[in-house]
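Read top to bottom, the protein sequences are chains F and L.
For the first sequence, the working numbering assigns the number 102 to the last residue and increments by one with no breaks.
For the second sequence, the working numbering assigns the number 102 to the last residue and increments by one with no breaks.
Wrong hints could be hidden among the right ones.
[Unchecked claim] If you want a taste of the chain F side facing chain L, the calculated C-beta under 10 Å gives, among others:
hint, residue
1, 48
2, 54
3, 58
4, 68
5, 69
6, 73
7, 75
8, 77
9, 84
10, 88
11, 89
12, 93
13, 98
[As the list claims (entries may be wrong)] Straight line, CA to CA, 27 Å or less: simulated DSSO-like cross-link-like pairs of lysine-lysine:
hint, chain 1, residue 1, chain 2, residue 2
14, F, 23, L, 92
15, L, 23, F, 92
16, L, 72, F, 72
17, F, 24, F, 42
18, L, 92, L, 42
19, F, 42, F, 72
20, L, 24, L, 90
21, F, 90, L, 90
22, F, 23, L, 90
23, F, 72, F, 24
24, L, 24, F, 23
25, F, 90, F, 23
26, L, 42, L, 72
27, L, 23, F, 24
28, F, 92, L, 72
29, L, 90, L, 42
30, F, 24, F, 90
31, F, 24, L, 90
32, F, 90, L, 23
33, F, 24, L, 24
34, F, 72, L, 92
35, F, 92, L, 24
36, F, 42, F, 90
37, L, 23, L, 72
38, F, 42, F, 23
39, L, 23, F, 23
40, L, 23, L, 90
Note that these hints are calculated values from the structure, not bench results.
All of these numbers come straight from a predicted model, not from anything done at the bench.
The C-beta atom is built at its ideal place from N, Cα and C for all residues, glycine as well.
Protein chains: 2
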Amino acid sequence: MAEEQRTQSKESTIPENEVFVGKKPAMNYVLAVVTQFNNGAKAVKVRARGNAISRAVDVAEISRNRFVQDAKVSTIAIGSEELANEDGTKSKVSSIEITLER
Amino acid sequence: MAEEQRTQSKESTIPENEVFVGKKPAMNYVLAVVTQFNNGAKAVKVRARGNAISRAVDVAEISRNRFVQDAKVSTIAIGSEELANEDGTKSKVSSIEITLER
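Based on the sequences and whatever the hints tell you, model everything.
As structure tokens, this is what we get:
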């Protein structure tokens, strides 16, 4: 019961200069990264969990090599997060956070 | 003839302290990482390309959190490599290299 207290609106907590990579084609997220740089962002974080981690690396590499060529990878962090499954069990999933900076 | 001089057994060109992550279950590679640390390695590199990148992050996280708890992620590098396809065309693929250090 008490564990419900901390659930705020999860969707709106993604900050502007962050791109969360999911299951869509990589180019969708590349477009989001490029747009943020074009809007004046000095740094953009590309984040992903689980199988999408490979795609996040693609997104960072494509953005940097093809579209925002003055951007560099400033930091990369990996970690583990615990997710609740539908059946109530928990599983650990890896995560990545790549910061591109121009 | 002279070119034969440098050809040593190709299989052994993967340095000892390196684990190249492919399509097998993550635990296979975790075992390789743990074994190298147990054999006295101070640092182990976990490398992967393409879709295996997610698994490489899993391998690093599982090794660090469960088996070699004094190991830390010292560096993470991402990059792009060009691979030749069977039909002669080339495609770019992302890569990752995670260095664990104890």
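Evaluated hints:
Using the Cβ-Cβ criterion of 10 Å, the hint placing residue 48(F) at the interface with chain L is satisfied: the shortest such distance is roughly 8 Å. About 4 Å separates the beta-carbon of residue 54(F) from the nearest beta-carbon of chain L, less than 10 Å, and the hint is met. Checking residue 58(F) against chain L by beta carbon gives a least distance of about 5 Å; that is within 10 Å, so the hint holds. For residue 68(F), the interface hint is violated, the least distance from its beta-carbon to any beta-carbon of chain L being 15 Å, above 10 Å.
Checking residue 69(F) against chain L by beta carbon gives a least distance of about 13 Å; that is not within 10 Å, so the hint is violated. The interface hint given for residue 73(F) is met, as the beta carbon of that residue sits about 6 Å from the closest beta carbon of chain L, less than 10 Å. The interface hint given for residue 75(F) holds, since its Cβ lies 9 Å from the closest Cβ of chain L, which is under the 10 Å cut-off. Annotation: interface hint on residue 77(F) holds; nearest CB of chain L at approximately 8 Å, less than 10 Å.
About 19 Å separates the beta-carbon of residue 84(F) from the nearest beta-carbon of chain L, more than 10 Å, and the hint is not met. Contact between residue 88(F) and chain L, as hinted, is not supported at the beta carbon level, the nearest pair being about 22 Å apart and thus beyond 10 Å. Of the supplied interface hints, the one on residue 89(F) is violated, with its beta-carbon coming no nearer than about 18 Å to a beta-carbon of chain L, more than 10 Å. The beta carbon of residue 93(F) is positioned within 10 Å of a beta carbon in chain L (closest approach about 8 Å), and the interface hint is therefore held.
Hint on residue 98(F) holds. Least Cβ distance to chain L is approximately 7 Å, under the 10 Å limit. Distance check on the hinted pair: residue 23(F) and residue 92(L) sit about 20 Å apart at the alpha-carbon level, within 27 Å; holds. Pair hint residue 23(L) plus residue 92(F) holds up; C-alpha atoms about 20 Å apart against a cutoff of 27 Å. About 24 Å separates the Cα atoms of residue 72(L) and residue 72(F), which keeps this hinted pair within 27 Å; it holds.
At roughly 25 Å between alpha-carbon atoms, residue 24(F) and residue 42(F) fall within 27 Å of each other, so this suggested pair holds. Annotation: proposed proximity of residue 92(L) to residue 42(L) is violated, straight-line Cα distance about 32 Å (limit 27 Å). For a cut-off of 27 Å, the pair hint linking residue 42(F) to residue 72(F) stands: about 11 Å separates their Cα positions. Straight-line distance between C-alpha atoms of residue 24(L) and residue 90(L) comes to about 25 Å, which keeps the hinted pair within the 27 Å bound.
Pair hint residue 90(F) plus residue 90(L) does not hold up; C-alpha atoms about 41 Å apart against a cutoff of 27 Å. With a C-alpha separation of about 24 Å, the suggested pairing of residue 23(F) with residue 90(L) holds against the 27 Å cut-off. A threshold of 27 Å between alpha carbons decides the hint, and for residue 72(F) with residue 24(F) the separation of about 24 Å falls inside it, so the pair holds. For the suggested pair residue 24(L) and residue 23(F), the alpha carbons sit about 22 Å apart, so the restraint of at most 27 Å is met.
A distance of roughly 21 Å separates the Cα atoms of residue 90(F) and residue 23(F); the hinted pair therefore holds under the 27 Å criterion. Only pairs whose Cα atoms come within 27 Å are accepted, and residue 42(L) paired with residue 72(L) is accepted, the gap being roughly 11 Å. In summary, the hint linking residue 23(L) to residue 24(F) is supported, as the alpha carbons are separated by about 22 Å, within the 27 Å threshold. Our distance criterion of 27 Å between C-alpha atoms is met by residue 92(F) and residue 72(L), whose separation comes to about 19 Å.
Only pairs whose Cα atoms come within 27 Å are accepted, and residue 90(L) paired with residue 42(L) is rejected, the gap being roughly 37 Å. Restraint check: the Cα-Cα separation between residue 24(F) and residue 90(F) comes to about 25 Å, which is no more than 27 Å; the hinted pair holds. At roughly 23 Å between alpha-carbon atoms, residue 24(F) and residue 90(L) fall within 27 Å of each other, so this suggested pair holds. Of the supplied pair hints, the one linking residue 90(F) and residue 23(L) holds, its CA atoms being roughly 24 Å apart against a limit of 27 Å.
With a CA separation close to 25 Å, the supplied pair residue 24(F) and residue 24(L) stays within the 27 Å bound. Straight-line distance between C-alpha atoms of residue 72(F) and residue 92(L) comes to about 19 Å, which keeps the hinted pair within the 27 Å bound. Proposed proximity of residue 92(F) and residue 24(L) is supported: the alpha carbons are some 19 Å apart, at most 27 Å. Restraint check for residue 42(F) and residue 90(F): not satisfied, since their Cα atoms lie roughly 37 Å apart, outside the 27 Å limit.
The hinted pair formed by residue 23(L) and residue 72(L) meets the criterion: a straight-line CA distance of about 24 Å does not exceed 27 Å. For the proposed pair residue 42(F) and residue 23(F), the alpha carbon gap of about 26 Å is at most 27 Å, so the pair holds. Between the alpha carbons of residue 23(L) and residue 23(F) the distance comes to roughly 20 Å, so the proposed pair stays at or under 27 Å and holds. Of the supplied pair hints, the one linking residue 23(L) and residue 90(L) holds, its CA atoms being roughly 21 Å apart against a limit of 27 Å.
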